[in-house]
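Put together the whole structure using the sequences plus the hints.
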Amino acid sequence: MAANPKPTLPKKPRDRRAWYQAAFALGLNAWIPSWFKGEIFQGSVKGVCVPGLNCYSCPSAMGACPIGALQTAFGGLRFNLSVAEKKFGLYVAGFLAAIGSVVGRMPCGWVCPFGFIQELLHKIPSPKLRIPHAMTYFRYFVLATTVIALPLLVVDQFGYGQTWFCKWICPAGTLEAGIPLMLIKADLRPLIGFMYYWKLGLLVLFLGWFVLSRRPFCRTVCPLGAIWGLFNKASLFRMAVDDEKCTLCDMCRKDCPVDIKIYESANSPDCVRCLKCVSSCKFGAISYEFLGKTEVAPDLRVKKPA
Amino acid sequence: MRRKLPWVLLAVSLSVMAVGLLFGEYRSVLEKAITVCLDCIGIG
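Just so you know, the sequences run in chain order A and B. Per the numbering used here, residue 1 is the first one in the first sequence, and the count goes up by one each step. Per the numbering used here, residue 1 is the first one in the second sequence, and the count goes up by one each step.
Since the hints were made in silico from the structure, they are not lab data. Not one of these hints is a red herring.
Partial list, computed: chain B residues near chain A (C-beta under 7 Å): (1) Leu14; (2) Tyr26; (3) Cys37.
Selected chain B positions facing chain A (Cβ under 8 Å, derived; list incomplete): (4) Pro6; (5) Leu21; (6) Ser28; (7) Ala33; (8) Asp39; (9) Cys40.
Note that beta-carbon positions come from the ideal geometry of N, C-alpha and C, so glycine has one too.
In structure tokens form, the structure reads like this:
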């Protein structure tokens, strides 16, 4: 008797996500003339928060980084300062929650320029390292301390808090603003000191880690991803895994940019909703639902082998 | 049954955002965003 025939597996559809990521990276940093003028873009639209970690001191940045804006709001939230009256960070917090309640962490997978950089660098051939799951909880610590508690509680001689995450950690700021501004603004160069070298060293370490591991910054440090990840289970956009169809082949994890087992938790806070797993799954077990419509990669519905 | 939680979250989020805008927070964010952030670039 003949053995069970292997299911005919269609080719994977072409992944166009990188083009979207590139388009968003350029679109969020579109004011190219600033590079030649040696200054940052100062248009009135720059108060609009962008859905990604994109430093507003990047010369061509068109919008405001929500994490930087949130820290600034908390840093200025003092009831004894007249300038800080009624500034609670509600605009930024509402913006983050609105995006989160519609699509959860999806901007991390499709929009964030820093996530895109990590994925590009990870394509460089090298030994690859997995990140222990326990390390992914560190991003909540970063969020709770450097973005919320420290800006609120530790004040300088003028009564203001600092932007601790931007100042001590954010490698996106160093890459997108620190290095470019030093290149185009000669008057800033004499100010280089310990902090600059600290952030430069941190950036170099992260860049090396990007080559070795899948989106390590997003998974272990990023406070923006930590916030949006909390909405994954409650957002309008939902991922779903059909246990009847899933063979636990792990093909989805192999292709996943954040190395998760989506079949264990379809709406995990670690998932950036890039939808790569939907097209990776040869059995059509992974789908997504938005506003009542369920989608699964249409050409990939083959039967689970007996 | 349609899930109500995301819609409630969205409505609350947009309301919070609107209150922030009414309090002039857009201006505060803009002022920060158009000034070179010394902390961000490592010389603050």
